[in-house]
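**Q** In this text, residue positions in the sequence shown follow my numbering: the first is 203, and each later residue adds one.
Please keep in mind that the hints were generated in silico from the structure rather than gathered at the bench. Be aware that a few hints might be false.
Said to hold, decoys possible - For lysine-lysine, the following BS3-like pairs were computed, each having C-alpha atoms within a straight-line distance of at most 25 Å:
1. K351 / K310
2. K389 / K334
3. K208 / K389
What the hints assert, rightly or not - Pair ranges (Cβ atoms, derived):
4. K351 / E431: 48 to 54 Å
5. K408 / D346: 25 to 31 Å
6. P243 / K408: 24 to 30 Å
7. E356 / P243: 37 to 43 Å
8. G382 / G432: 26 to 32 Å
9. G432 / Q227: 37 to 43 Å
10. K302 / P418: 39 to 45 Å
11. D241 / K302: 46 to 52 Å
12. D246 / V360: 31 to 37 Å
Using N, Cα and C, we set each Cβ at its ideal position, and we do this for glycine too.
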Amino acid sequence: GLMFDKASTRTRVSFEVAMGRLGGQTLFLSKADTQMSRDEPVKDTARVLSRYLDVLAVRTYAQALVEEMARWASIPIINALTDMYHPCQILSDLMTVKEKRGTLDNLKVAWIGDGNNVAHSWINAARILGFKLVLACPPAYTPDPVVMKGCGREITLVTDPVEAVQDADIINTDVWASMGQEKERGKRLADFQGFQVNASLVSKAKPDVLIMHCLPAHRSEEISEEVLEGDRSAVFDQAENKMHLHQALLEMLVIGNK
């Protein structure tokens with residue numbers, strides 16, 4: 203099952219194709235089309251859907267909704283994106299890095315831009331896997347302190363993108379105004395000036411640095427056209443790998459739950 207509150211291209215299509223390649227079926231549910239839109243408790247929906255489905259991916263706003271769903275469901279619940287985290291994205295990103303580099307050891311990853319849900323999941327990954335992560339964010343757009351709490355010396359926060367990309371193996375970025383932040387767009391465009399991933403910034407990293415972006419991209423805002431389409435860009439391999447990672451994840455969860 204796919205229960206999505208937020209618009210999606212890559213996440214929805216990759217999950218549907220992944221399950222189809224495994225020989226399964228998908229059922230797409232907009233929350234607005236369920237009884238949750240009429241105040242049915244999450245715990246009731248979770249228990250009923252557990253009788254019909256083998257696994258449910260939820261793409262929504264509140265992290266609490268996904269956690270409540272997981273608490274009451276008897277099937278695996280996948281976080282397909284919340285305002286706090288985007289774990290499947292980072293798993294496919296790490297798959298891409300390993301595919302390109304052969305290892306996740308001794309990496310330095312630079313995150314440039316908003317300390318958003320994708321940045322939060324990169325922090326979690328760095329904490330678990332032990333690679334070096336430097337996040338360059340404007341002062342008013344740093345990651346949630348709860349997510350940063352307990353980070354070791356391998357995870358650092360700076361305000362200078364040039365400092366962040368020094369000797370970086372990976373440069374990663376995302377849009378400056380995410381879904382639900384459209385009214386802040388004008389202010390954010392002003393506040394994020396100087397945080398564009400462009401040729402000048404990339405030149406400060408390692409010569410073979412990989413450029414990553416989870417897409418969709420706003421060209422000439424958080425990333426230049428030249429860099430996005432350049433020979434160091436891994437963004438479209440990154441997008442493809444969502445499908446392969448989701449297939450592996452679904453196989454693991456569904457077979458492991460039988």
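**Q** Which earlier hints can't be squared with this structure?
**A** 2, 4, 6, 10 and 12
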